[in-house]
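Once you know that position 12 of the sequence shown is 12 in UniProt numbering, the rest is easy, because the numbers rise by one and skip nothing.
No lab work stands behind these hints, which were simulated from the structure alone. Hints may be right or wrong, so weigh each one.
Label pairs and their computed distance ranges (CB to CB) [stated by the list, open to error]:
#1 K101 - V303: 33 to 41 Å
#2 D163 - R435: 21 to 29 Å
#3 P307 - K449: 46 to 54 Å
#4 K55 - N389: 38 to 46 Å
#5 N434 - K101: 35 to 43 Å
#6 M88 - E313: 32 to 40 Å
Below, in silico cross-link-like pairs of lysine to any residue (SDA-like), each with a Cα-Cα straight-line distance of 25 Å or less [claimed, not checked]:
#7 K468 - P456
#8 K413 - S400
#9 K107 - E192
#10 K310 - K112
#11 K107 - T184
#12 K2 - I34
#13 K405 - Y329
#14 K348 - M325
#15 K449 - E131
#16 K199 - A209
#17 K405 - G346
#18 K214 - R433
#19 K107 - L379
#20 K31 - M325
#21 K202 - G158
#22 K112 - H270
#23 K108 - E95
#24 K31 - M88
#25 K477 - Y467
#26 K468 - K224
#27 K414 - G248
#28 K399 - S13
#29 K449 - N434
#30 K214 - L43
#31 K127 - C39
#32 K2 - N434
#33 K129 - S180
#34 K401 - H270
No residue lacks a Cβ here, since even glycine has one placed at the ideal position from N, Cα and C.
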Amino acid sequence: MKQLFIGIDLGSSGIRVEVYDIEGNLVAMGKESIHNQTCEEWLRALEASVPNIVKECTDCEKHVSVTSTSGTLIGVNRYGEVIHGPIMYYERIDEWYEKIKNYSSIKKLNEKGVKIDQTSPPVKILKLKIEHHDIYSNVHWFISPTTYLLYKLYYDEGEIWEDVYMDYTNALKFGIDITSSPPTWFYPLYDELGIDADKLPKLAPVGEAIGIAKSRFAEKIGLKNARLYQGLTDGNAAAIAGGAIDIGDINMYIGTTTVPKIVVDRIVTHPALYYHIHPIKGYLAGSATGFTGAFLSWYSEKVLGMPLDKASEYVEKVKAGSEYMFFPYGDRGPTYNPLLEPAITGIKISDEPREILLGRFIRSIMLGITLLENYFIELFRELFSIDTNCVNLTGGGTKSKIWNKIRASVYGKKIIVHGDLVGTGVIIPLLIRNRFYSSIDEVKRMFLKPIDTVEPDEALVEVYRPYKDAFIRRWLKLQDLYRA
1 MKQLFIGIDL GSSGIRVEVY DIEGNLVAMG KESIHNQTCE EWLRALEASV
51 PNIVKECTDC EKHVSVTSTS GTLIGVNRYG EVIHGPIMYY ERIDEWYEKI
101 KNYSSIKKLN EKGVKIDQTS PPVKILKLKI EHHDIYSNVH WFISPTTYLL
151 YKLYYDEGEI WEDVYMDYTN ALKFGIDITS SPPTWFYPLY DELGIDADKL
201 PKLAPVGEAI GIAKSRFAEK IGLKNARLYQ GLTDGNAAAI AGGAIDIGDI
251 NMYIGTTTVP KIVVDRIVTH PALYYHIHPI KGYLAGSATG FTGAFLSWYS
301 EKVLGMPLDK ASEYVEKVKA GSEYMFFPYG DRGPTYNPLL EPAITGIKIS
351 DEPREILLGR FIRSIMLGIT LLENYFIELF RELFSIDTNC VNLTGGGTKS
401 KIWNKIRASV YGKKIIVHGD LVGTGVIIPL LIRNRFYSSI DEVKRMFLKP
451 IDTVEPDEAL VEVYRPYKDA FIRRWLKLQD LYRA
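Produce the complete structure using the sequences and hints provided.
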């Protein structure tokens, strides 16, 4: 029987469905934009994005898993009907966080490598309980978007969602102890917040089998009787799709934000980092920055008045070393300081063609984002005594060849580009956990297929060396400017 492996990627702006065969070949792909953040809109977009082969291949054995945004919160009743949210991962609850940020449980959880901040689900649940207790009381499960989609396929309409599990990676920002074996909910947090822990699902490893899809919605989109597996967060899926599988592997996901991750065998606490259980072995240490790629696109389209791909054509005309110093948002990793807004410094009046000036602004922003990426690479080396000779890249921000050359030269390392498809990162854990292949190396050989390799340019390495030394020092000094 022909087998199809289907990875569903629910992002903040759209859904993409990737279909692979057992040899790791991309058979089909569909995508659909999301116009608002509601579960109804997500389901509509999912139905529209499922490729025809999924519906037409009625005798195929289908294997399905899901990835979605990390930290987004949904509250459902006992029938899986949404009664609260989704509250997106980027929505902040500052006033309630300020009241609880010094709780002992939050500090203890931070020592275990898991951060609770203004965007974390427990803070949003607390706000709901205090301000809308009637809604809170009717919530049966607080879950992630990944969990919602999987169990929407599993349980039929009107059926009680009796037995619900959430994977370790999506549960992380809800507050789990990843140092215990197996990982467990960190109950002291929920006790101190006064939140009912029985509203949390059970926990499960990424890739663990859930069961057979039997809902009418599953039948409607061609997934009736498909085998469902626990999913993972988009950052973790991107990391795995980008080669972060063995200890020491680094992946840099470059999209709306930047998500650096490294596979490690131990937890070393640091304010800039949080940890996930790696779906295969060890831990994924990483962070998530504020808007990086989103700022670059906004600046090009709204300030310069041209599409980013057009503005990027001017980048190669700019002399390396003539860039301004760009500093990204600092509201998320590594500084977690909401005072740090983006800034461009060192601007000089010059009598140059407009194309050169436009290109310099774009190249400066690219360089600033790259310097931020390099900060994390250096931090990984310092904390874990790992000095890898290459860095894996994934995401939409990897398409520019000149930017990738800048990256390799700033890093001083070879970069391996894996593109912006994350479906393999959804599928690889279930393949390994359920023994579709005899070894991890065989899975890697079949499903990891880089699209480009870029070596450092030695001349650029020397040009950008001074930028690396000054970047973080000056970035932190901006705090004083914004406080003034």
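Now the hints, each set against the structure:
no., hint, in the structure
1, K101 - V303: 33 to 41 Å, "holds (35 Å)"
2, D163 - R435: 21 to 29 Å, "holds (24 Å)"
3, P307 - K449: 46 to 54 Å, "violated (29 Å)"
4, K55 - N389: 38 to 46 Å, "holds (45 Å)"
5, N434 - K101: 35 to 43 Å, "holds (41 Å)"
6, M88 - E313: 32 to 40 Å, "holds (34 Å)"
7, K468 - P456, "holds (15 Å)"
8, K413 - S400, "holds (17 Å)"
9, K107 - E192, "holds (12 Å)"
10, K310 - K112, "violated (45 Å)"
11, K107 - T184, "holds (17 Å)"
12, K2 - I34, "violated (31 Å)"
13, K405 - Y329, "holds (23 Å)"
14, K348 - M325, "holds (12 Å)"
15, K449 - E131, "violated (50 Å)"
16, K199 - A209, "holds (22 Å)"
17, K405 - G346, "holds (23 Å)"
18, K214 - R433, "holds (23 Å)"
19, K107 - L379, "holds (22 Å)"
20, K31 - M325, "violated (37 Å)"
21, K202 - G158, "holds (21 Å)"
22, K112 - H270, "holds (10 Å)"
23, K108 - E95, "holds (21 Å)"
24, K31 - M88, "holds (21 Å)"
25, K477 - Y467, "holds (15 Å)"
26, K468 - K224, "violated (53 Å)"
27, K414 - G248, "holds (15 Å)"
28, K399 - S13, "holds (19 Å)"
29, K449 - N434, "holds (22 Å)"
30, K214 - L43, "holds (16 Å)"
31, K127 - C39, "holds (21 Å)"
32, K2 - N434, "holds (17 Å)"
33, K129 - S180, "violated (28 Å)"
34, K401 - H270, "violated (33 Å)"
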